[in-house]
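J.: Residue-level listing of the chains:
Number of protein chains: 2
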Amino acid sequence: MLSIPNPFEALNSLETLEILETFESLEALETPCLIIDAQRMDRNIQSMAEMIRKQRVNLRPHAKTHKIPAITLQQIEAGAVGITVAKVSEAEVMAAHGIRDIFIAYPLVTASKIERAIRLSRQIELLVGVDSLAGAQLLEKIAGRHGHTLQVRLEIDTGLRRTGVLYEQASELAAEITRMPHLRLTGIYTFRGSLLAGKPTLDVAAAGKEEGTLMVQLAERLRAQGIAIADVSVGSTPTALYAAAVEGVTEVRPGTYVFHDRMQARLGVCSLEDCAGSVLVTVVSRPSEDLAIVDGGSKTFATDIQPGTDPLQLRGFGHILELADAQLVRLTEEHGMIELGPQAQAANLRIGDKLRIIPNHICSTVNLHNHVMMQRDQAYKRMPVLARGMLE
Amino acid sequence: MLSIPNPFEALNSLETLEILETFESLEALETPCLIIDAQRMDRNIQSMAEMIRKQRVNLRPHAKTHKIPAITLQQIEAGAVGITVAKVSEAEVMAAHGIRDIFIAYPLVTASKIERAIRLSRQIELLVGVDSLAGAQLLEKIAGRHGHTLQVRLEIDTGLRRTGVLYEQASELAAEITRMPHLRLTGIYTFRGSLLAGKPTLDVAAAGKEEGTLMVQLAERLRAQGIAIADVSVGSTPTALYAAAVEGVTEVRPGTYVFHDRMQARLGVCSLEDCAGSVLVTVVSRPSEDLAIVDGGSKTFATDIQPGTDPLQLRGFGHILELADAQLVRLTEEHGMIELGPQAQAANLRIGDKLRIIPNHICSTVNLHNHVMMQRDQAYKRMPVLARGMLE
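Protein chains in written order, with the UniProt record's numbering: chain A, 1 to 392; chain B, 1 to 392.
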């Protein structure tokens, strides 16, 4: 049985509870480590909350980016109605730390996970994704066995070709679900953030508008069929604001905005100065004038956004803050190879020097780290990434 | 102060100690999870140990692949002289679990890490990498302050352009190190496994021979200068056997062989039937005839060996065991997109079905998982990846 703390109590105490250790200076940190600039994070949390509030739309951030309950609580304090996760195990960690409104935006198709979701939904407000008749039937069967009603949202594929029922088949499936006595269909949702990176043009405003419009039109069609659709949930960090502006959208689910990253900066969604996460590395070797080796490789920096393989045209595996014409061009597991241009060579980088690098993709980078160093003023607080590796 | 258990006691008890839970069938496992076929692993450990023993060369496996102390102990029981790690933190985890002979094959260039290494070296047999004069001077200074002598090995760059002193500058640096009273230079080492993946031809035999020959020639040159070089340490999983055959090589350090992976199979080093690690995933969505979505994405499968970007010509992010003409073509964080060819479509894959996928790169895949499921006969034992995320 999970023990759910009082959320208000939690709000006041959890940031403290989650701190393992405090360091008084950058020099005291062992490398490589992931530093989060708390001031930038605060600003990102506030600014997204305000922008979305102005649209009179709900904000339900995806916790996949940080996987840290204390940060979720801060997002809720800033106005989020609840959070989004991808895994039952993530929901369990978040619930155990006081989060009381969670959307598992993922189809649950095995008995054990559905059992776990039902257990959770007896204690917190829980929403679960569904995108197939087989999935809905299993949810119905198990919920029925427990005499429990599960709240579900129907996932719609709006072009990403991932999970989600095909747009044109949504009406039929929605109708089936509404006939299931132990499922309550509250709405529809979609995700197409990853679609952007694969597009030749990167017009996030148009993409957000299109996303919102597609979903509102579908909601209208379902309502015309007599299906009560309350939630129309869309959006990713790049499209949230534009999707929220579409009349009829009720909720957006951005995740990355909490820290931002180099990919978002490249999309024009933020500036590099908004990026709260950076990896602190140490130069461990200077084999030649044009090469510096640092102690972070593919076990430290995410490699799922590969430089040069998409229209974002990212050069290197991250943006090096201290050096203008240097690139993190190559990673092996524990080594990062930085090519130094003429200016960077003039900086006369020495063994033992530290560099800070904004990763291309912060979400999968955080997932490589057991903890982050939360920097507020000159103090660095070591906080565990409590939902890290919660795959199951 | 670390407490180091008796290694023999450890050998008998640790596998048991490290087991968190036992499942009696595949059906009982939550997905995604990383299954290790213990029989294949045993065979890989034995066969590498025997092959290297026949060459009368020492085997010092790299623990980066599994990061599990119990597996290290098994490698030592099979004949390994000790292990290799990349990080002080990995060495600390391994030492705390009874491993008493560790080579940190990485330059330590900051005071705190050197202090930690010295602490360890008072309790176990420790070797540390060095590749620069600045690094050696710092090691000397701190070891001197403690009145301690550190055993070091000089890393040589034999073409990977990573860490390692340039081949032609090795003599001079080795001579400098031998003049430092608190450093004892025991030998030289190199790594060029990653070089293979970037080569147009993949002749691992020639590569191993070249690697061994280069290093033996250098050792001879250093000895002619009056520098006592005891260890000539080389090799990776693909080259270990061929490098070990070179007269004068004293040690090889393969890592991946313990589990093997799709990349090694592509290199011809093993067959897919030797691969002990596979990720169990569940089909969560079947949006169309030619597409299945599974619950493992880039937080489950390593993406540092990208399909199609290297001469290995790997198609997809892993090899799907159950389906002949299916490919894991695309990953987002928690979704894997499998394209199904005609045969795979005929298999009529259903939501809830399970698949097993051999990852392209097992080392960085293990690093994404908090635990592995060690399969022996029909039982699956959940073992934590104790040195996972030990970045610092």
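These are calculated hints, taken from the structure and not from any lab test.
There's no promise every hint is true.
[To be verified] DSS-like mimics (lysine-lysine), calculated; alpha carbons at most 25 Å apart, straight line:
{"id": "1", "chain 1": "A", "residue 1": "Lys354", "chain 2": "A", "residue 2": "Lys381"}
{"id": "2", "chain 1": "B", "residue 1": "Lys354", "chain 2": "B", "residue 2": "Lys381"}
{"id": "3", "chain 1": "A", "residue 1": "Lys354", "chain 2": "B", "residue 2": "Lys354"}
{"id": "4", "chain 1": "B", "residue 1": "Lys54", "chain 2": "B", "residue 2": "Lys209"}
{"id": "5", "chain 1": "A", "residue 1": "Lys54", "chain 2": "A", "residue 2": "Lys209"}
{"id": "6", "chain 1": "B", "residue 1": "Lys354", "chain 2": "A", "residue 2": "Lys141"}
J.: For each hint given before, does the structure comply? Return the numbers of the non-compliant ones in rising order.
T.: 3
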